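Residues per chain are reported as follows:
There are 4 protein chains.
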Amino acid sequence: MGIRLLVTGGTFDKEYDEITARLIFKDSHVADMLKLGRCRLDVAISTVMMKDSLDMTDADRKAITRCCQDSTESQILITHGTDTMVDTAAYLAEHLTGKTIVLTGAMVPFAFGSSDGMFNLGSALSFVQVLSPGVYIAMNGRYFPWGRVRKNRESGVFESIP
Amino acid sequence: MGIRLLVTGGTFDKEYDEITARLIFKDSHVADMLKLGRCRLDVAISTVMMKDSLDMTDADRKAITRCCQDSTESQILITHGTDTMVDTAAYLAEHLTGKTIVLTGAMVPFAFGSSDGMFNLGSALSFVQVLSPGVYIAMNGRYFPWGRVRKNRESGVFESIP
Amino acid sequence: MGIRLLVTGGTFDKEYDEITARLIFKDSHVADMLKLGRCRLDVAISTVMMKDSLDMTDADRKAITRCCQDSTESQILITHGTDTMVDTAAYLAEHLTGKTIVLTGAMVPFAFGSSDGMFNLGSALSFVQVLSPGVYIAMNGRYFPWGRVRKNRESGVFESIP
Amino acid sequence: MGIRLLVTGGTFDKEYDEITARLIFKDSHVADMLKLGRCRLDVAISTVMMKDSLDMTDADRKAITRCCQDSTESQILITHGTDTMVDTAAYLAEHLTGKTIVLTGAMVPFAFGSSDGMFNLGSALSFVQVLSPGVYIAMNGRYFPWGRVRKNRESGVFESIP
Numbered sequence: 074m075g076i077r078l079l080v081t082g083g084t085f086d087k088e089y090d091e092i093t094a095r096l097i098f099k100d101s102h103v104a105d106m107l108k109l110g111r112c113r114l115d116v117a118i119s120t121v122m123m124k125d126s127l128d129m130t131d132a133d134r135k136a137i138t139r140c141c142q143d144s145t146e147s148q149i150l151i152t153h154g155t156d157t158m159v160d161t162a163a164y165l166a167e168h169l170t171g172k173t174i175v176l177t178g179a180m181v182p183f184a185f186g187s188s189d190g191m192f193n194l195g196s197a198l199s200f201v202q203v204l205s206p207g208v209y210i211a212m213n214g215r216y217f218p219w220g221r222v223r224k225n226r227e228s229g230v231f232e233s234i235p
Numbered sequence: 074m075g076i077r078l079l080v081t082g083g084t085f086d087k088e089y090d091e092i093t094a095r096l097i098f099k100d101s102h103v104a105d106m107l108k109l110g111r112c113r114l115d116v117a118i119s120t121v122m123m124k125d126s127l128d129m130t131d132a133d134r135k136a137i138t139r140c141c142q143d144s145t146e147s148q149i150l151i152t153h154g155t156d157t158m159v160d161t162a163a164y165l166a167e168h169l170t171g172k173t174i175v176l177t178g179a180m181v182p183f184a185f186g187s188s189d190g191m192f193n194l195g196s197a198l199s200f201v202q203v204l205s206p207g208v209y210i211a212m213n214g215r216y217f218p219w220g221r222v223r224k225n226r227e228s229g230v231f232e233s234i235p
Numbered sequence: 074m075g076i077r078l079l080v081t082g083g084t085f086d087k088e089y090d091e092i093t094a095r096l097i098f099k100d101s102h103v104a105d106m107l108k109l110g111r112c113r114l115d116v117a118i119s120t121v122m123m124k125d126s127l128d129m130t131d132a133d134r135k136a137i138t139r140c141c142q143d144s145t146e147s148q149i150l151i152t153h154g155t156d157t158m159v160d161t162a163a164y165l166a167e168h169l170t171g172k173t174i175v176l177t178g179a180m181v182p183f184a185f186g187s188s189d190g191m192f193n194l195g196s197a198l199s200f201v202q203v204l205s206p207g208v209y210i211a212m213n214g215r216y217f218p219w220g221r222v223r224k225n226r227e228s229g230v231f232e233s234i235p
Numbered sequence: 074m075g076i077r078l079l080v081t082g083g084t085f086d087k088e089y090d091e092i093t094a095r096l097i098f099k100d101s102h103v104a105d106m107l108k109l110g111r112c113r114l115d116v117a118i119s120t121v122m123m124k125d126s127l128d129m130t131d132a133d134r135k136a137i138t139r140c141c142q143d144s145t146e147s148q149i150l151i152t153h154g155t156d157t158m159v160d161t162a163a164y165l166a167e168h169l170t171g172k173t174i175v176l177t178g179a180m181v182p183f184a185f186g187s188s189d190g191m192f193n194l195g196s197a198l199s200f201v202q203v204l205s206p207g208v209y210i211a212m213n214g215r216y217f218p219w220g221r222v223r224k225n226r227e228s229g230v231f232e233s234i235p
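Protein chains in written order, with the numbering used here: chain A, 74 to 235; chain B, 74 to 235; chain C, 74 to 235; chain D, 74 to 235.
If you are wondering where the hints come from, they were derived from the structure by calculation, not from laboratory data.
Wrong hints could be hidden among the right ones.
[What the hints assert, rightly or not] Subject to a maximum C-alpha distance of 27 angstroms in a straight line, what follows is the list of computed DSS-like cross-link-like pairs (lysine-lysine):
#1 108/A - 99/D
#2 108/C - 99/A
#3 108/D - 108/C
#4 108/D - 224/C
#5 224/D - 99/A
#6 224/D - 99/B
#7 224/D - 108/A
[Unchecked claim] Residues from chain C that keep clear of chain D, each with C-beta distances beyond 10 angstroms, as calculated:
#8 96
#9 110
#10 111
#11 134
#12 141
#13 166
#14 186
#15 189
#16 199
#17 202
#18 204
#19 215
#20 230
Quick caveat: nothing in here was measured; it's all calculated off a predicted structure.
We treat Cβ as the ideally placed atom computed from N, Cα and C, and that holds for glycine.
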């Protein structure tokens, strides 16, 4: 009865490549972050993909959905880029039932120090333990049922929609 | 219907005094941490005291209780040293009803970078929004109803007791 | 008889813009870095420009040269992008005499935490105090007279050339 | 013709023990710091001791002196607590000749993030390469010949004495 954590990439896991001066993906930082947070939950981590969420396709969302279906856990946390997090939440809600699924991400890469990643990870892991089955987004300290949230692209903040 | 955040000190808010080479309290870091976490909850912060929890007296616990009673919010988060967090939780449970109160803290000062503080703050703020009235401790990614938790002093980890 | 510090941009001063997910320039971090380093040298900071060194033109190099000439200090430190640092050093050497000029930079933005910036700043400030007049590059803990150094683009390391 | 780096402890290398809430020594961070600084100097590190400099005895200073004598390198950098750094410098100057010896330290542990350690390490490594034989202290971006420096205990700053 642990938690499944699916890594899909996003700003959360980006790092700086000092040779090319670009933001790239290497390995996920999620395991290190859980250790830093002294997390003692039973969390099983799977890296599904390492993608900028703007590059995510329906095939990618299908792959994430299958991972959710195949997972024996009924509490699932997904780290995801913020730009299309709302779209993936909608896709998952359409194809899944009976599990509590929480998506979270970060505005600043964890590797850059001043990140919101640790805060969001702590938040999302908490919500996934107590919310009833459904698909949710956890950002900015809040949770939003899918379909009632959007990312404000000017401010970078997730906000409720009626 | 916001959240009241009561600061009482603890490792969470300690910093290093480079002149005396000791750990001291100055101002709380909680407001900065919420900003770093891009928190958009309606959180009102009050600093009740800045104390190592080993130095807390019953008078201190009475003061914290009064702040909880006086607060118009029904969701209250308390940052607290880990050593006597369980005792304060018991004291609060004895003297308060009808509010959701979550205590959290940190094993490493936020100011020292590798802190569990951001993770715990995100976690505790999430639990306080969704748990039913009662007194809880949020540490290590988990929540514990008061009276069913202790701090393991060898490992520094909070664990369930039957 | 203090030190003049000319800021020209470079990776050193880049930061992450969380709305556009790009690396941008805002204000220089150099003053904060000197404070963090508990630096007690008499350093006067001037921001000449904030540029990626790949975008630097001869007009820019002329502007930097003029700042060096106009400066009353005979010890001048220049923060600069690493990609064309060697070119600017050559330009300065051609147009200036009688001053000790040290160029330095960083492979990782200071704002990203794991930076070599603090190390390089401490190093360059030390070299500029003790080297005889001339133009030098200080990177990787070493100093190189201009004209005898190149940046190895595969490794990101500055190395001597005969 | 590399550099010998002797580790003796000091604030530089202290870390926070989250179980006892005390500052302790474990392994030195110097090797990691050189890597972070992208240092490409030929530096050989020896840990002589891990001591708070207030606890240093004449036997300790004798041991450090012997390491300096035995070292084949003529450029020696010593990391040292700031409280008695001046005393050790005097002791070394009395017992050694013909080598360039630079002592440095930190006001804040490197492990606490906001440290002056990286800055001082870059500075001291630079001075040791270019100063003529003698014993020096490198702190606050400056170097001081031994015997002409003291630590101001109120401000934590090293200052010249006539």
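Here is how each hint holds up against the structure:
{"no.": "1", "hint": "108/A - 99/D", "verdict": "holds (19 angstroms)"}
{"no.": "2", "hint": "108/C - 99/A", "verdict": "violated (33 angstroms)"}
{"no.": "3", "hint": "108/D - 108/C", "verdict": "holds (23 angstroms)"}
{"no.": "4", "hint": "108/D - 224/C", "verdict": "holds (18 angstroms)"}
{"no.": "5", "hint": "224/D - 99/A", "verdict": "violated (45 angstroms)"}
{"no.": "6", "hint": "224/D - 99/B", "verdict": "holds (25 angstroms)"}
{"no.": "7", "hint": "224/D - 108/A", "verdict": "violated (39 angstroms)"}
{"no.": "8", "hint": "96", "verdict": "holds (19 angstroms)"}
{"no.": "9", "hint": "110", "verdict": "violated (3 angstroms)"}
{"no.": "10", "hint": "111", "verdict": "violated (5 angstroms)"}
{"no.": "11", "hint": "134", "verdict": "holds (25 angstroms)"}
{"no.": "12", "hint": "141", "verdict": "holds (21 angstroms)"}
{"no.": "13", "hint": "166", "verdict": "holds (19 angstroms)"}
{"no.": "14", "hint": "186", "verdict": "violated (8 angstroms)"}
{"no.": "15", "hint": "189", "verdict": "violated (5 angstroms)"}
{"no.": "16", "hint": "199", "verdict": "violated (4 angstroms)"}
{"no.": "17", "hint": "202", "verdict": "violated (8 angstroms)"}
{"no.": "18", "hint": "204", "verdict": "violated (7 angstroms)"}
{"no.": "19", "hint": "215", "verdict": "violated (6 angstroms)"}
{"no.": "20", "hint": "230", "verdict": "violated (6 angstroms)"}
Figure legend: structure checked against the earlier numbered hints; hints not met, in rising order: 2, 5, 7, 9, 10, 14, 15, 16, 17, 18, 19 and 20.
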